[in-house]
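For the sequence shown, the positions run 49 to 602 when our numbering is used.
Read the hints as simulated data drawn from the structure, not as lab findings.
In this text, a Cβ means the ideal position worked out from N, Cα and C, and glycines have one as well.
Among these hints, one or two may not hold up.
[To be verified] In silico DMTMM-like cross-links for lysine to aspartate or glutamate, where the CA-CA straight-line distance does not exceed 20 Å: (1) Lys-138 to Asp-329; (2) Lys-367 to Glu-403; (3) Lys-524 to Glu-213; (4) Lys-476 to Asp-253; (5) Lys-367 to Glu-418; (6) Lys-130 to Glu-306; (7) Lys-119 to Asp-133; (8) Lys-153 to Asp-132; (9) Lys-249 to Glu-418; (10) Lys-447 to Asp-290; (11) Lys-562 to Asp-527; (12) Lys-275 to Asp-133; (13) Lys-499 to Glu-345; (14) Lys-77 to Glu-177; (15) Lys-138 to Glu-306.
[Stated by the list, open to error] Taking CB as the label site, the calculated pair distances span: (16) Asp-497 to Leu-121: 41 to 51 Å; (17) Gly-198 to Glu-345: 57 to 67 Å; (18) Leu-505 to Thr-587: 16 to 26 Å; (19) Leu-121 to Glu-158: 21 to 31 Å; (20) Asn-215 to Thr-587: 19 to 29 Å; (21) Gly-465 to Ser-254: 29 to 39 Å; (22) Gln-83 to Lys-524: 34 to 44 Å; (23) Ser-274 to Gln-83: 48 to 58 Å.
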Amino acid sequence: MEREFMEFDVVIVGAGPAGLSAACRLKQKAAEAGQEISVCVVEKGSEVGAHILSGAVFEPRALNELFPDWKELGAPLNTPVKGDDIYVLKNAESATKVPGFFVPKTMHNEGNYIISLGNLCRWLAQQAENLGVEIYPGFAAQEALIDENGVVRGIVTGDLGVDREGNPKEGYYTPGMELRGKYTLFAEGCRGHIGKQLIKKYNLDSEADAQHYGIGIKEIWDIDPSKHQQGLVVHTAGWPMDIMGTENTGGSFLYHLENNQVVVGLIVDLSYANPHLSPFDEFQRLKHHPVLKQYLEGGKRVAYGARAIAKGGLNSLPKMVFPGGALIGCDLGTLNFAKIKGSHTAMKSGMLAAEAIAEALAAGSEGGDELRSYVDGFKASWLYDELFRSRNFGAAIHKYGAVIGGGINWLDQNVFGGKAPFTLHDNKPDYACLKPAADCKKIDYPKPDGKLSFDKLSSVFLSNTNHEEEQPCHLKLTDPSIPINKNLPLYDEPAQRYCPAGVYEVVANDDGSKRFQINAQNCVHCKTCDIKDPAQNITWVAPEGTGGPNYPNM
49 MEREFMEFDV VIVGAGPAGL SAACRLKQKA AEAGQEISVC VVEKGSEVGA HILSGAVFEP
109 RALNELFPDW KELGAPLNTP VKGDDIYVLK NAESATKVPG FFVPKTMHNE GNYIISLGNL
169 CRWLAQQAEN LGVEIYPGFA AQEALIDENG VVRGIVTGDL GVDREGNPKE GYYTPGMELR
229 GKYTLFAEGC RGHIGKQLIK KYNLDSEADA QHYGIGIKEI WDIDPSKHQQ GLVVHTAGWP
289 MDIMGTENTG GSFLYHLENN QVVVGLIVDL SYANPHLSPF DEFQRLKHHP VLKQYLEGGK
349 RVAYGARAIA KGGLNSLPKM VFPGGALIGC DLGTLNFAKI KGSHTAMKSG MLAAEAIAEA
409 LAAGSEGGDE LRSYVDGFKA SWLYDELFRS RNFGAAIHKY GAVIGGGINW LDQNVFGGKA
469 PFTLHDNKPD YACLKPAADC KKIDYPKPDG KLSFDKLSSV FLSNTNHEEE QPCHLKLTDP
529 SIPINKNLPL YDEPAQRYCP AGVYEVVAND DGSKRFQINA QNCVHCKTCD IKDPAQNITW
589 VAPEGTGGPN YPNM
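Start from the sequences and build out the full structure, keeping to the hints where you can.
And the structure:
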C-alpha cells in the first residue's frame, strides 16, 4: 500500500525530556550556523506530557546548558529542595532515620527542584515550537522505516480506525503516514517498543550487561496544610522490601511540592524472586507506615500512575547508534539510579545526539551513516563521567542487598568519588529471577481502607486511561497457551500481580477450566509485562495514538 509521507531532516520519536531537548538543540545549532534543519517530533500521547511520569527531583544541569535563561522563560521549577530525610524502615511500624554522614553523596539534593516532569515537558514543547519544531501529539510511531541496505529512514505511524481483527473500519480508517528523515532519534522512554526492535535487529546489546528495570508507582495527594513542608524530600529503604536480602529490593519516595501537595511512590526492582509479590499492593500497604502516614493521613489522593524505569546504568548501555539513527534518553538507558534521577541525563543525551546531527548536516551529510561523533561526544561529556561514577550502584544492591550493597555504595561514592578500583556486574535478566510459586511464601495483602490504600480499578480511573475499544489488542502473546499451561502451574501466573493496572486476569470458565484474560483498556503503558513475564511471551506495542493514560501533571 502506498502511504502518504512527509520528509524532514530529523525525525524524533517521543516528546519526553530527551526528545524535546534534542529538538531544541537542533534548532539552536542551526540558528548558530545560519542553516535550516527541519525537525519533527511524534508523540503517542494525546498531548505532550500525557504519558510522562517521574518522581521527580530534578537536577537542572542540562537545562542550564539548553536554556540558561530558563527562569526568565518561565520554566516550571517552582520548589527548590530544602531538606533530605532518609529512613530505613525496619518493619510495618518502626524506622531509623539515617544520619547525613552515612548518606551517599549521590542522594544529597541541594540545588535540585521538586517538579512535575510532565509540566516541564509541556514547557520544553513550547520552547521547541517557538524555535520552529513541528510536534505531532496523538500519533504513535509503530515501526521504523528500514531500507534494503539496513538503514533507518524514519518511522511509520500506526493506522487509525482498525477493528479488533485488524480490518479497516468503514468510514473511520486512516492509514499511517511515513515520516522520513535523514536521521531518526528514538526517545520513547524505558523499554521503547521500537528501540527494543532496533536493539535486536542491530545486535546493539552484544557487549552490554543485561539491562535491569524497576517499576515506579506514584500518586499525588492534597494534604493537610499543617503537615506540608514545601521542599522536603523523603526517601526510604527496607520494609516492605528486603533489608538484608537480595530477592526483593526497592525503595520509596515522598516529595513535598507546592500548593500543599505531595507526591508519593514506590520503586520495586523487577529482579524480585517471589511470584506472589504485587508491587501495587506493596505500595498500598507501605502508605500505612508511620513515616508516610504522618503526611498522608487526612489527605486526598488526586492522581495515580505507573511506569517502568531502566536502571542498569553504564554497564547496561547498548551501542547507541546504527545506520541512520540513534537511541537517546531512557530508550538508551541513561538513568542514574544512584541518584534516582534520569531527566537531566536524558536531556543531555538528546542534546549530544542533536549536536552530532547538526555537525553532520552542516558538513553536507544526506544521512544514513552512524553518528560516531555522538558516541565520541558522549564519552567526553559529564554524562559519561556521571554514569561511570555510578556504575556499581545497581549491581551492588542486587548482589548484596540494601544494607551491605548500600555500604559498598557509600564507600564507592563517599571515599572513592565513584572511581573505586572495581566494577560490579549483574548479568541475570529480571525475568529470569522468579522462583517457582511452590517454593515461595504466599503474601496476604490487607484489604484497602479507601483512605490511605486503594484498589487497582479506582487507581486506574485516576490515571484517566482510555483506549479505543474496537482495535487490535496492543499486548501481543507470542504463544497464547503459555499463561495457562506454563505460567499458571509454575508461577501462579504472575501477570495477575506484577501489572499495576489490572490488565491481566486468570478467569474460570463454566466448565472449571481457566483462561487468560487481557483487559487492554486498563493499560497505563508501564511496560512491566514486557519486562517481567518469565517466558518473555508478552510484547507491548503501541496502540492507536492518544490511547493510554492522560496524566495532567505527573
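Against the structure, the hints:
1. Lys-138 to Asp-329: 18 Å, holds
2. Lys-367 to Glu-403: 18 Å, holds
3. Lys-524 to Glu-213: Given pair Lys-524, Glu-213 holds - Cα atoms ~13 Å apart, limit 20 Å.
4. Lys-476 to Asp-253: 14 Å, holds
5. Lys-367 to Glu-418: 11 Å, holds
6. Lys-130 to Glu-306: Since the Cα atoms of Lys-130 and Glu-306 sit roughly 12 Å apart, the hinted pair holds (cutoff 20 Å).
7. Lys-119 to Asp-133: 27 Å, violated
8. Lys-153 to Asp-132: This hinted pair holds, its Cα atoms lying about 12 Å apart.
9. Lys-249 to Glu-418: Cα-Cα ~15 Å, so holds.
10. Lys-447 to Asp-290: 12 Å, holds
11. Lys-562 to Asp-527: Holds, because 16 Å separates the two Cα atoms, which is no more than 20 Å.
12. Lys-275 to Asp-133: Holds: Lys-275 and Asp-133 sit about 15 Å apart, inside 20 Å.
13. Lys-499 to Glu-345: 8 Å, holds
14. Lys-77 to Glu-177: Satisfied, since the Cα-Cα distance of roughly 15 Å is no more than 20 Å.
15. Lys-138 to Glu-306: 30 Å, violated
16. Asp-497 to Leu-121: 41 to 51 Å: Between Asp-497 and Leu-121, where Cβ atoms are some 44 Å apart, the hint holds.
17. Gly-198 to Glu-345: 57 to 67 Å: Holds - the Cβ-Cβ distance for Gly-198 and Glu-345, about 58 Å, lies within 57 to 67 Å.
18. Leu-505 to Thr-587: 16 to 26 Å: 25 Å, holds
19. Leu-121 to Glu-158: 21 to 31 Å: 24 Å, holds
20. Asn-215 to Thr-587: 19 to 29 Å: 21 Å, holds
21. Gly-465 to Ser-254: 29 to 39 Å: This hint holds: roughly 31 Å between Cβ atoms.
22. Gln-83 to Lys-524: 34 to 44 Å: 42 Å, holds
23. Ser-274 to Gln-83: 48 to 58 Å: 57 Å, holds
In this structure, the earlier hints numbered 7, 15 are contradicted, and the remaining ones agree with it.
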